[in-house]
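Novice: Those protein sequences? They're chains A and B, same order as listed. First residue of the first sequence: 70, per the numbering used here; consecutive thereafter. First residue of the second sequence: 147, per the numbering used here; consecutive thereafter.
A hint or two may mislead.
Not the full set, but computed from the structure, chain B residues with beta-carbon under 8 Å of chain A [stated by the list, open to error]:
1) 197
2) 201
3) 204
4) 230
5) 247
6) 345
7) 369
8) 387
The set of hints was computed from the structure by calculation and includes no laboratory data. Where a beta carbon is used, it is the ideal one built from N, C-alpha and C, also for glycine.
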Amino acid sequence: MIRGLLSAFVSSLLGTLGFAVLLRAPRRAWIPASVSGALAFTLYWFLMQVGASEASAIFCGSLAGSVLGHILSMRMKLIGTIFNALGIVAFVPGLGLYRCMELLAMGNPQEGVQAGVAAMVSILMIALGLSMGHWCFRVFRRSKRKGRQEKRRRDSTPGFTAS
Amino acid sequence: MDQKQYMRPLELAGRLIMENGGETYRVEETVNRMGAAFGLKGVESFAVPSGIFLSFECDDGSTETAVLRVHRGDTDLERVDEVNRISRQVEAGELNCEEALEALEEIAGENRIQSPALRMAAAAVCSGGFAVMFGGTWKDFLFSSLLGLFIEGITELLRRHHLQSMVSLLFGSFLATLIPICVSALLPGLSLVTEAIIAGALMPMLPGLAMTNAVSDTMRGDLMSGISHFAEAVLTAALVAGGALVAAAQFRVMGGMIR
């Protein structure tokens with residue numbers, strides 16, 4: 070299991086790093102974006118190993134990729150597209166779409182449609198994961214901002230002592 | 147300052163984002179934010195992957211409008227990020243219209259050609275990594291990396307001869323499929339996971355960013371751009387599949403000769 074996890078992490082790290090260069094992401098984002106993509110894929114791989122369905126594993130992986138992407142984007146002051154695109158690149162069903170086209174062209178409509186539906190499910194799960202990640206991040210940031218405002222208000226109120 | 151002059155930085159910012167692979171919502175947000183920071187009233191923008199429409203109200207009551215046709219180039223997320231940074235600086239009052247225009251023109255004027263060696267190395271690492279992710283072994287990593295490197299080299303050569311990207315895609319996927327199946331047939335002792343190698347070598351050609359943009363545009367309710375990006379992704383996948391199918395058919399023809 071540990072060996073498999075390591076293999077999944079290293080291979081996805083390399084795959085995402087290659088994509089980061091090909092998409093011409095800023096140099097300082099290469100490593101953080103690759104690590105975020107690798108962590109998201111390793112989570113997906115682990116969930117698949119423990120018997121989760123592919124759809125739920127993709128959802129969890131995309132959610133992790135999206136949350137990490139938002140955090141990195143805020144910390145590094147870079148656009149979210151870089152981290153979001155690289156965080157979920159391992160799940161994007163480009164290969165699924167390719168298989169669908171291949172099967173349809175080879176005169177195998179039933180399997181082609183099945184591959185197409187599987188690709189669509191993956192897309193839906195990615196969309197759901199990304200939007201949930203975005204929402205989680207916004208809620209977290211709002212609560213943090215609220216906490217900061219509250220602290221400032223308490224600090225500026227004369228004679229106020231925290232209980 | 148003549149209000150018409152404000153249009154130029156807005157146009158350039160939108161064009162640069164769109165040409166370099168940014169999302170349509172980012173174009174609209176950037177233009178609206180910059181317009182508001184310049185003190186313009188009624189700034190409206192509408193972006194689709196192939197064009198941008200911009201307008202704002204002038205003080206004399208007239209409306210200034212621009213329609214831009216955008217041709218997508220190679221993806222360059224660094225440029226998108228730089229334009230985004232400029233728009234933030236404009237919003238914060240750190241740059242005025244002239245300074246923003248100057249900075250944007252500098253970005254647009256730079257001829258940033260990525261080193262072919264770097265692209266080839268990236269394609270190699272990407273192909274190898276994905277080959278292992280798709281169930282290959284580290285031996286397949288090595289083979290897929292070499293294949294990715296070779297295909298990127300060929301694609302680069304085709305690009306230099308101004309061949310359309312569609313042709314490079316077809317040819318690249320043809321080679322990415324034909325070479326591994328031929329090697330597996332000729333050297334069965336290597337026991338390569340052919341499917342993983344093919345999948346890994348095809349990954350740099352597959353529409354990852356188009357799919358991501360399709361998802362993020364659709365999620366924001368921009369169905370037109372979402373569908374347009376999705377169609378781009380499907381067309382790319384179809385082209386890659388086309389090249390692979392031709393390779394498989396070619397192998398069947400060559401099969402008799404190999405045996």
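Novice: Evaluate each hint against the coordinates.
Specialist: Right, here's what the structure says about each hint:
For residue 197/B, the interface hint is violated, the least distance from its beta-carbon to any beta-carbon of chain A being 20 Å, above 8 Å. Annotation: interface hint on residue 201/B violated; nearest CB of chain A at approximately 25 Å, more than 8 Å. For the restraint placing residue 204/B at the interface with chain A, the shortest Cβ-Cβ distance is roughly 31 Å, beyond the 8 Å limit, so the hint is violated. Interface restraint check: residue 230/B against chain A, minimum CB-CB distance 5 Å, threshold 8 Å, status holds.
With a least beta-carbon distance of about 21 Å to chain A, the hint placing residue 247/B at the interface is violated under the 8 Å criterion. Hint on residue 345/B holds. Least Cβ distance to chain A is approximately 6 Å, under the 8 Å limit. Taking 8 Å as the C-beta contact cut-off toward chain A, the hint placing residue 369/B at the interface is violated, the least distance being around 13 Å. Interface hint status for residue 387/B: upheld, as the beta-carbon distance to the closest one in chain A is roughly 4 Å, under 8 Å.
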